[in-house]
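**Student:** Could you put together the complete structure from these sequences and hints?
So the sequence lines, in the order shown, correspond to chains C and X. In terms of this note's numbering, the first sequence opens at residue 1 and continues consecutively. In terms of this note's numbering, the second sequence opens at residue 1001 and continues consecutively.
Do not rely on the hints blindly, as some may be mistaken.
[What the hints assert, rightly or not] Derived contacts from chain C toward chain X, CB cut-off under 7 Å, selection only:
#1 His-83
#2 Leu-86
#3 Phe-95
Think of the hints as simulated: they come from the structure by calculation, not from any bench. Predicted model only: the values in this text are computed from it and were never measured. The beta carbon of each residue, even a glycine, is placed where N, CA and C say it ideally should be.
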Amino acid sequence: MSGRPIRIAVVSGKGGTGKTFLAVNLACTAPCTLYDCDVEEPNTHLFFQTPWEQIQSVERRIPIINASLCTLCASCSSFCRFHALLCSSDSVQVFPELCRSCGGCRLICPNQALSMMPEEIGTVLKSSYDDALTLVQGVLKIGTAVVPPVVHEVLKVHSNDEIQIIDAPPGTGCSVMAAVSRADYVLAAAEPTPFGLHDFQVLVKALRSRGIPFSAAVNKSLSHDDSITKYCREEGIKVSGRIFFDEKIMDICSKGGIAVKLIPEYRKIFSNLRSTIVEEAKRCVL
Amino acid sequence: MKLAFTVKQEKLFPVMDERFARTEKFLIYDTDGSRGFKEISNKEARESQQGAGVHAASLMIEQGIDCVITGTCGPKARKALEAAGITIHLTAKKSPAEALKEALSQCQADQYE
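**Tutor:** The structure is reproduced here in structure tokens:
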């Protein structure tokens, strides 16, 4: 035993693969903390009818210009690689939607004409379920285009639970990379469809480029030799789990039910999957 | 007056590119100076993931452009160009020469108003 908590992120290239289904059911087999990092459309709360408490507001900082100090030297606008600032003949325009809040413009300004103003971009909520589960969720403020800071704040919420499960956003973008950057191990969910395979291949590339240890879970599998399994064999990726396509699951999920609590057979499947990935994750952490 | 046209290369001749921010290049025409066209690339703005409009607008400011002639212009580019006092002339014309004629007659009409 390492003693320190182990964080496992459930990720998938394609949306609708079953990340939340896998994450919620993995979380419900034994005590743990479940982080919902899909801050653009968090949905784990649909499975748990519990009251949520807002524990934190997430802010970012965007520059404002003090026109009386600005000499229109264009140092800030030529420094900003995201073109969030534009210097014209009589003013400096700020484009908050392009700003990454690095604060470089403020540092580079020779006249201290810039200051950084806080702007709310999201909130972090907390709840618990059945005494066994701690739930943490991030919600992005509508209209905000910058997602990773909210994901990072969600994952900064401390938990003493030995096992912590992250329900990541879909895809392979910045918000997903933010979620996996704070994980010890990734469970890459995939479904054996042409889209599912394509997006899984992109995800594998992204995870490998960051050197993040991962294994695959095939969801909605139709056979032991489907497209995802074949690809994993060719690429030497371990398949840690397989959930076969089952109409019962669809029915339960569509009603906000938790499969492991309703079907004993699934409780066994998910307990096994959980111990397999926890073992693998521990091996990677040590 | 310095005019900038958004253009793309089609076989031998440049034709109007309907997009401002992600245009292939700009054709610059100075009504006061030598009556030739100058070309500048928009590669950097075109290939940037975000902020192409502001990037292209800053290029226009650098070049001292008075009027941009293009097909469409996004909200950020518009804000940037307007802040810099650059006129935006939207056109549906395919050839820069025709767009130029249209823009010039428009300018003259504006002057006499």
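**Student:** All the hints need checking, so say for each whether the structure fits it.
**Tutor:** Hint check:
Evaluation of the His-83/C hint against chain X yields a held restraint, the C-beta minimum of about 4 Å falling below 7 Å. For Leu-86/C, the suggested interface contact is upheld, since its CB lies about 5 Å from the closest CB of chain X, less than 7 Å. A distance limit of 7 Å between C-beta atoms decides the matter here; for Phe-95/C the minimum to chain X is near 6 Å, and the interface restraint holds.
Of the numbered hints listed earlier, not one is contradicted by the structure.
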